[in-house]
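Could you build all of it, start to finish, from the sequences and the hints given here?
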Amino acid sequence: MITAIINQSSPYQTQLGREALDLALVLGTYEQDVRLFFKDAGVLQLMKEQNGEAIGSKDFTSTFKALDLYEIEQVYVLDQSLNDYGLTANDLTIDTVIVDAPEFYAQLRQCQCQMRF
Amino acid sequence: MAKILIIVTSASDHQASISAVKYAQAVLDSTHELLGVFFYNQAIDAANALRSSPSDEFDITNSWVAIGEQTRLIACSAAAQRRGVLNKEEADYHGHQQFNIAKGFEILGLGEFVQLQQSADKVIQF
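Line by line, the protein sequences are chains A and B.
Take the first sequence: its position 109, counted from the start at 1, is 109 in this note's numbering, and no numbers get skipped.
Take the second sequence: its position 79, counted from the start at 1, is 79 in this note's numbering, and no numbers get skipped.
Rather than coming from a laboratory, the hints here were simulated on the basis of the structure.
A virtual CB, placed ideally from N, CA and C, is assigned to each residue, including glycine.
Just to be clear, a hint being listed does not mean it is correct.
[Said to hold, decoys possible] Partial list, computed: chain A residues near chain B (C-beta under 10 Å):
| no. | residue |
| --- | --- |
| 1 | T3 |
| 2 | D22 |
| 3 | L25 |
| 4 | L27 |
| 5 | T29 |
[What the hints assert, rightly or not] Footprint (simulated), chain A over chain B, 3 or more residues, beta carbon under 8 Å:
| no. | segment |
| --- | --- |
| 6 | 29 to 38 |
| 7 | 78 to 84 |
See below:
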C-alpha cells in the first residue's frame, strides 16, 4: 500500500504539520512506500530559514532535510500554491517535484492510502 | 469482505468525529472487518474520560467506548501526552497523580498504526 501524506496546513498554527511529518517518518522507518504532497498553506512548511523558536514553537521543518535517511524521496508540491504565496523552488529547503494540478492529482491517485493534515 | 482501518484526526467538536463513530458502527454491522480505530492529532480529546457532554448532545467518548467493546481503540502516545490524555502507566511515568483515559482505549505508538495499516485493505480518515 502506497501512502500519501497530504500537507495543506501552515507550519505553526496547529500541530498538524509536525504530526504529519512524525507519521511519515515512522512509515519510512517501517520501510513503507510513503510520498509527501504539499498544497495550499502546506507549502509554507517547506520554506527555508524558519525560526519557530521566536514564536515559542519548535522548528520541526528542519527535519525535512532528513527525509532521505528514511528513504522518503517523492515529494510533490502544487505549483499554483507556490504562486499563491509568491514562492519558487529556490525558497524551499529540500528538492521537490513541482507539478501542476493534473499531475499532482495523477500522482496522488497512485497512492492507495491518502491522509490529509 | 474488506479489512478497514479508521484514523480519526478531527477534534471531537467537529462533525467529522460524529461521522467517524457512525461509519465505525456501520462497518461493525456489515460483513466487513474493522481492524481498529486510531486516534491522532486533535481527535485525542475523544479518549478523555472526563469529557461530559450535555444530555441532549452527541456523546463522542461514550459512543467510542461502546464501539470499543467490538474493536480496538488506539490513541497515539505522543499526541496523547501532548494533549493531556494519559493512562495510569503514562501518568506514573510523568509524575502525575491522575489519569483520564476512557475505558477501552489503548495508548500506543505510531508503529502500531503502521502495523495495522499493513493488514488493511482500506484506510479511512475522518
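How the hints compare with the structure:
{"no.": "1", "hint": "T3", "result": "holds (7 Å)"}
{"no.": "2", "hint": "D22", "result": "holds (6 Å)"}
{"no.": "3", "hint": "L25", "result": "holds (9 Å)"}
{"no.": "4", "hint": "L27", "result": "holds (6 Å)"}
{"no.": "5", "hint": "T29", "result": "holds (8 Å)"}
{"no.": "6", "hint": "29 to 38", "result": "violated (count 0)"}
{"no.": "7", "hint": "78 to 84", "result": "holds (count 3)"}
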